[in-house]
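*Asks:* Letter by letter, the chains look like this.
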Amino acid sequence: MDYPANPFAWVLLSAVLILMAGLVLHVTRLNLRLRHSKQVLENEINERRRAEEKLAENENRLRQIIASEPECVKLQTLDGILLEMNPAGLALLEASQPGDIIGTSVYDMVAPEFCDEYRTLTERVFAGESGVMEFQIVSLKGRRCWMETHAVPLRDGRDNVIALLGITRDITARKHAEDEVRLHYRELAHAARVNTMGEMASGLAHELNQPLAAIANYSRGCLRRIRSGAGAAEDMTQAIEQVCLQAERAGGIISSLRRFVNKEDSPHRVQDLHAIVREAMLIAGPEVKLHQVNVRLNLAPGMPHVLGHAIQIEQVVINLVRNAIEAMGDVPPERRYLTLRTYVAEEKAVVEVRDTGSGLAREMQSRIFEPFFTTKSVGMGMGLPICRSIVEAHGGALISLSNPNGDGLTFRFTLCRATAEEIDG
Amino acid sequence: MAEQQTVFVVDDDQAVRESLHWLLESVGHRVCSYASAHEFLNAYDGTSPGCLVLDVRIPGMSGLELQNHLLERDWCLPVIIVTGHGDVPMAVRAMKAGAIDFLQKPYNDQTLLDRIQLALELCRQRRHSHQELTRIQANYRQLTPREREVAAHVVAGKANKVIAIKLGLSPKTIEVHRANVMFKMHVNSLPELVQLWMRMETPAANEVSPAS
Numbered sequence: 516m517d518y519p520a521n522p523f524a525w526v527l528l529s530a531v532l533i534l535m536a537g538l539v540l541h542v543t544r545l546n547l548r549l550r551h552s553k554q555v556l557e558n559e560i561n562e563r564r565r566a567e568e569k570l571a572e573n574e575n576r577l578r579q580i581i582a583s584e585p586e587c588v589k590l591q592t593l594d595g596i597l598l599e600m601n602p603a604g605l606a607l608l609e610a611s612q613p614g615d616i617i618g619t620s621v622y623d624m625v626a627p628e629f630c631d632e633y634r635t636l637t638e639r640v641f642a643g644e645s646g647v648m649e650f651q652i653v654s655l656k657g658r659r660c661w662m663e664t665h666a667v668p669l670r671d672g673r674d675n676v677i678a679l680l681g682i683t684r685d686i687t688a689r690k691h692a693e694d695e696v697r698l699h700y701r702e703l704a705h706a707a708r709v710n711t712m713g714e715m716a717s718g719l720a721h722e723l724n725q726p727l728a729a730i731a732n733y734s735r736g737c738l739r740r741i742r743s744g745a746g747a748a749e750d751m752t753q754a755i756e757q758v759c760l761q762a763e764r765a766g767g768i769i770s771s772l773r774r775f776v777n778k779e780d781s782p783h784r785v786q787d788l789h790a791i792v793r794e795a796m797l798i799a800g801p802e803v804k805l806h807q808v809n810v811r812l813n814l815a816p817g818m819p820h821v822l823g824h825a826i827q828i829e830q831v832v833i834n835l836v837r838n839a840i841e842a843m844g845d846v847p848p849e850r851r852y853l854t855l856r857t858y859v860a861e862e863k864a865v866v867e868v869r870d871t872g873s874g875l876a877r878e879m880q881s882r883i884f885e886p887f888f889t890t891k892s893v894g895m896g897m898g899l900p901i902c903r904s905i906v907e908a909h910g911g912a913l914i915s916l917s918n919p920n921g922d923g924l925t926f927r928f929t930l931c932r933a934t935a936e937e938i939d940g
Numbered sequence: 027m028a029e030q031q032t033v034f035v036v037d038d039d040q041a042v043r044e045s046l047h048w049l050l051e052s053v054g055h056r057v058c059s060y061a062s063a064h065e066f067l068n069a070y071d072g073t074s075p076g077c078l079v080l081d082v083r084i085p086g087m088s089g090l091e092l093q094n095h096l097l098e099r100d101w102c103l104p105v106i107i108v109t110g111h112g113d114v115p116m117a118v119r120a121m122k123a124g125a126i127d128f129l130q131k132p133y134n135d136q137t138l139l140d141r142i143q144l145a146l147e148l149c150r151q152r153r154h155s156h157q158e159l160t161r162i163q164a165n166y167r168q169l170t171p172r173e174r175e176v177a178a179h180v181v182a183g184k185a186n187k188v189i190a191i192k193l194g195l196s197p198k199t200i201e202v203h204r205a206n207v208m209f210k211m212h213v214n215s216l217p218e219l220v221q222l223w224m225r226m227e228t229p230a231a232n233e234v235s236p237a238s
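Sequence order for the protein chains is A and B.
With positions in the first sequence counted from 1, the corresponding number in our numbering is that position plus 515.
With positions in the second sequence counted from 1, the corresponding number in our numbering is that position plus 26.
Simulated from the structure, these hints should not be mistaken for laboratory data.
In this text, a Cβ means the ideal position worked out from N, Cα and C, and glycines have one as well.
Hints are not guaranteed to be accurate.
Claimed, not checked - With the C-beta cut set under 10 angstroms, the calculated list includes, among others, these residues of chain A facing chain B:
hint	residue
1	Leu727
2	Asn732
3	Ser743
4	Gln753
5	Arg764
6	Gly767
7	Gln807
Chain B on its own, in the form it takes in the complex (with noise of 0.2 angstroms):
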């Protein structure tokens, strides 16, 4: 593992985040807890990784709004809400919003803990692909106008003979493009060409979407 990752816990009973430091800590995660959501604002830099452990109702910004918070900013911490008296529309909105699990208190420690290393893990996963994404844009970048019109139509099924005749040019021609976008792209097969234009065209379709 490259970097390791944090538990961000956020919650306004210092009972209750002291306690769960000591409980993750006994697990050995590293952990950083806060009194409030701007308190985790003010100290997060948006892209340590980790997850986020948050009550729902704390004084102040609630839960909610700094999930919102983190949705806007684009930062892919995964969140798991734990409440003191939660009731279904308030889950309703936090899944919404993105939380990845709605925890009644008191919890088993165990079931937090496993939704924890889950989050750890899609938080892994959020990254790698993000990272992943950033790399076939950027070889995107790399195709000239024309190939990526001929990419277009060659990603949509059409034969080079077809192409040839839609763009005005001579097959030949197109066989260059083609091969050009196939060596730019880093793909050997057409199958593998027309997977990195789906990842481009829906960027989180193999994770949990944020964006519902």
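With the rest of the complex left out, here is chain A (with noise of 0.2 angstroms):
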């Protein structure tokens, strides 16, 4: 072996020996390092995909619970663009497949009354806005049904409203067992008119009867003038406008009646109510006059319309003035005082018909609005059991009140104040 004797060469080699060692140590090192990064990203990887099955395990079971969600729940642009629907939705627009649906207009199905309404809750919710909303629809196969819609706003990570979110019920039945109710109870109330008008009906002939009979005296004096020669022209014509007018009143007093019995409610709108209580006391005026009883009407000046059924309405006034009228029949004439008041309190029409009866007892009182429960030798008991209905049907309440000085009872009833857009609409 020949080694070299080059002492520089030893340095050489030595420091080659030092460096190759180093090098070794630092790719150990290097290595070390790479599998620790190695297993550092293995266990992030495992760990995004157990996050990705998690998250797409709750998204799908997000998708269960929606698809499986029995009322329907849809996304909605803010021009009607239907987005996402579920097969509950697409089962109540009795759609075949979601192609049917997604893609086109809300409006292709919300029936036309009521589109208007619909954007202006679409408007709402995309000002930020939730909102509630009862309204009919056409189904792809023309069925109408009746939906109820509670609407809220779908907002993105930067809080924009992105889409409409919507989850509608079917209330076809609901609607229609209200339906049912209303028609019972207008039924009733319509009952109960024929048999105030039964009750009342010796009265209202005799109101029938004056126009009658001025109208064969003015002709018969007529006739008698004429046969004789003395009547003169003027005369003549005034009598005849008489018979004229005394007809037209007459033929008022039948329109008022059979406007009264008639079976079809009065459209439901805005209504002038002083209107309403003279008509009222038009009918109850026979039973006043029969029964002698001072009448003092109160009429509030500037009085504000109120909205309803004007019959109806009218059907509560006559009730109250009649059971004002009967509990003053044991009180001598001179002291039977009708008052009949309007006003306003709390933005509230109010009516009030206040007797100088005898009055009733507290405990009395408290029944009188039970059906069937009559203090009365005649009736049925059911008279203030419909006017309670009938007001509070018009958002109103009706109660009976003892007279401050102790003779006698007051009947309050309130009624909704017309807003001013009812008023021109």
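Could you use the hints to bring the two separately framed chains together as a complex?
*Replies:* Okay, here's the thing in structure tokens:
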């Protein structure tokens, strides 16, 4: 073996050896670090995979919940384009596949008369509010049903409203039940009106007899003057004008009565309360006269209009007036005072019918609104319960109060004032 | 006819009242109409002749009450009741209170006019007999107590002799008293005197009696 004798060579060799050792050390360290990184990476990948799995599982669960939700869940744009809808919604609209619905406009389904209201709701939701609305839809197969929708804004991560989320349920059955109740109640109210009219028949016949008697008198008087040649044309004209007026008076009475017993309800709309009160007093007039009752009408000037069915409100007034008259039966005629007052309190229109009769004990007062409870010898005891249902259906309340000085009762009912838009509309 | 008669109408319904006014004027009646019993009572002087056409159902004082007022004041105004819806008890009450008729609206105008004619005739009779009675009573007041005593026995159908014994007087004196009675009462025979006597005792015997 030939060893280099050059000492420089030894130094060089050592250096190379040290360098190699250092390199090996470095590589080993690098290797270790690499292995560690790989481990971290693998862990991360696993974690992410697990997270993704979990996310998918969550989404799947949510989808399943939405898919099995019995109510219609839908997403919709501001223009009404449907973005998504669950199977219940598709079934409600009688669509055989999502493609029939997704991408079409909700306004193809909402019944025309509700479109404006629906549009307003959508705009409110995109402005960040939420709302509830009842409306009718027409399904793809042309079936009409009643819907109730709860609409809320759906927001992205930056809080922008990106869609309307609507949860809608079919309330057709409930609506039908409500209609049925309303129909029954209307029939009951009508039956009560017919009954009232029957009880008042003889007085009303008298009321009708007056103009007829006047017509007969005027025309007989004319005939006699004509036959005797004594009538001046001017006098005759006046008499015949009176005949016409009285014929109109009789006709007016008949048409009020006919309207009152008509089965069809007057439309629900803005009403002049005082006109209704006067009409009621016209029909109740003969009874007032027959029982020698003094009537004081205390109608507030500038009374606001109310919202409701004229005939039903009239029915309540007539009923209360007749009750008041009957309540004063035992009081001498000079002390029979019926006061009908109107005023506004707490944004409601108030009507009060006050009598000076013998009043009612407190325990009786709480029972007079019960069906079939009566303090009278005639009558079914349905008058006040029906009055109360009518008033409550109009959003008001009917109560009875003892008069402060202890004589007689006051019945007070409230009605909703019509708003400015309702009056203009 | 010395005094013109008036048909008084009381009805609260203006149209009925005015039309009745018009009808009655067409046959030449003088008519005064009132809306209430009070209005009539304030206006009526108690003596004007005529008749009253009255609606039984008027506010305030009822027709029946007004009839009773007339009775109390002894006003001999015949009353015809008209009503829109009367019943039997009401008609009975009205007739008992002296109404001469009870008509349902709408009535035949001829019927009403006939009844009014009858009522006016009755009023004339009543006034006539009232005047006659006043005259008889005035004559009666002319008799002395003794003459009244004798007259009562004469009317009872007793002979002069019987009366004389009863009163302890001579038949001659009775004869004189009797002649005075006949003279003062303006009668010529016994039957006439008896008639006057009966008139005085039952003043309304020959007409529809209001007091039953």
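*Asks:* Closer than 10 angstroms between Cβ atoms is the bar; does Leu727/A clear it against chain B? Give me holds or violated.
*Replies:* 5 angstroms, holds
*Asks:* May I ask you to test the interface hint for Gln807/A with respect to chain B, counting a Cβ-Cβ separation under 10 angstroms as satisfied?
*Replies:* Check passed: Cβ of Gln807/A comes within 6 angstroms of chain B, closer than 10 angstroms.
*Asks:* Take the shortest C-beta to C-beta distance between Arg764/A and chain B; is it under 10 angstroms?
*Replies:* This hint holds: Arg764/A lies near chain B, its Cβ roughly 7 angstroms from the closest one there, short of 10 angstroms.
*Asks:* Let's test the interface hint: is any C-beta of chain B closer than 10 angstroms to that of Ser743/A?
*Replies:* 8 angstroms, holds
*Asks:* Going by Cβ atoms only, is Asn732/A closer than 10 angstroms to chain B?
*Replies:* 3 angstroms, holds
*Asks:* Given a cut of 10 angstroms on the nearest C-beta pair, is the interface hint for Gln753/A held or broken against chain B?
*Replies:* 9 angstroms, holds
*Asks:* Let's test the interface hint: is any C-beta of chain B closer than 10 angstroms to that of Gly767/A?
*Replies:* 13 angstroms, violated
The earlier numbered hint that this structure contradicts is number 6, and it is the only one.
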